[in-house]
Amino acid sequence: MPTLITASGYLRLPMDDLVIYFSPGVGDLVEPMKQLLENAGTGTRWLHFDSLIEIPVGAMALLTEAELNEQEQRLLAARQVIVVAVRSDFSASVRAIEMGALSCVSRSNTEQIALQIITLETQRRRMPENVADSGMLQTVIDAIPVPIFFKDQFHIYRGCNVAFSEFLGLPLNQIIGHSVYDVAPPELADRYYRADTELLASGGHQRYEAPVRYADGQEREIEFNKAVFFHADGKPAGQVGAMLDVTERNRLIERLELASLTDPLTGIGNRRQFTRVARTTINRHRETGLPLSLLLLDVDFFKSINDNFGHAVGDRALKFLVEHCRALLRDGDHLFRVGGEEFYLLLEQTSLDEAAGVAERLCDSIRKAGFAARGSQVCMTLSIGVVEVAVDRHLEESLSLADRELYRAKREGRDRVCVADTHEGTV
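All the letters of the sequence shown, read from the start, carry residue numbers 1 to 427 under the UniProt record's numbering.
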């Protein structure tokens, strides 16, 4: 077996041809290094690169301290990088190793650089692996259906399960040992790198939701859960993350939220939705200065419809009323069923006189309409109270005045519209 004779003694070189990448800053070292390694009987191929992103993950590379910009630093740990320093400097060597380089050697000592190359390659080939333990861990995490990954402190993927591999659309061997810049577009990689850096700095955990497009083109809503794990000395060793698909959960929450705001019989908003819409609308009209009006509608003698025709026909009557009102209203008018046979109608950009006209048309139209049930014609009339909403006061004050006008319409014979006295001003 060939040997390399150095000032420090003899070192056997148990390896075949080796590909080594070099940056512009170490171009002058290629020939001396090549000769040293050839003296040991090992052929080498030296390939030029301008940025670490150009070379394969795990490849051996030489570059200088001056070439270690921010982008290169993020890629160090995913390659076997030897940093070549101008002079021997312990502090500079420590900084380079902390950034992810495997070693830092003075450019004046070519023999030491050659020894580092030989040592690193020999260690790589002889690296002990507990195949049984690593295989069991992979089997366990592969059985978990949610994507799982873990990275070291240099943001390099050190493990993941099949679900994560399928999410990225990449095989495991193109993820493990790679940086986020090797598996994601630059704009996304920058975002992920910043989030990872913040997480490692905080030493805590992150939980957030974000839309994600899977490799198969599906867009899903994902909850990310990430946490830092530590070395025995308490320093961050990396992070572990899991991705939970919450698309269906969020859709269910949306359906439940919609149900809580919707009248199940008629499909229009309920009292809770009225309160939300009214407050938002009042704020908007307070800013614009445009008028806002409110109608309270009540079906006259609705109990007699239930008593004479049954509750099923009574339900039909309410749905008929809503459909009829919708046909007469403008886009942007808001109709709500707030209980039994009582409805609120919120009219944006509508003065008191205009709102009174809308109310009269509704009364007249409903009076003339009807539907057949059990061989008879079911007819309805409405009592309506109208008020212009005072956007600088509490909503309850406007509701109180509109309610007063509604019951005045009832007292005066029903099937009519009563409007708040304009001499009182809006409440």
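If you're looking for bench data, these hints aren't it; they were derived computationally from the structure. Computed from a predicted model, the values in this text were never measured in an experiment. Keep in mind that the hints are not guaranteed to be accurate.
DEER-style ranges, computed between Cβ atoms [unchecked claim]:
1. 207 x 329: 17 to 25 Å
2. 218 x 407: 49 to 57 Å
3. 92 x 208: 33 to 41 Å
4. 365 x 214: 49 to 57 Å
5. 219 x 354: 39 to 47 Å
6. 407 x 330: 26 to 34 Å
7. 194 x 39: 44 to 52 Å
8. 158 x 214: 39 to 47 Å
9. 400 x 193: 20 to 28 Å
10. 400 x 265: 45 to 53 Å
11. 214 x 353: 13 to 21 Å
12. 351 x 204: 37 to 45 Å
13. 250 x 18: 16 to 24 Å
14. 288 x 184: 17 to 25 Å
Derived lysine-lysine pairs resembling DSS-like cross-links, with alpha carbons at most 30 Å apart [what the hints assert, rightly or not]:
15. 368 x 319
16. 235 x 319
17. 303 x 235
18. 226 x 303
19. 303 x 319
20. 410 x 303
Note that CB positions come from ideal geometry on N, CA and C, so glycine has one too.
query: Hints broken by the structure, by number, lowest first?
result: 1, 8, 9, 10, 11, 12, 13, 14, 16, 17, 18
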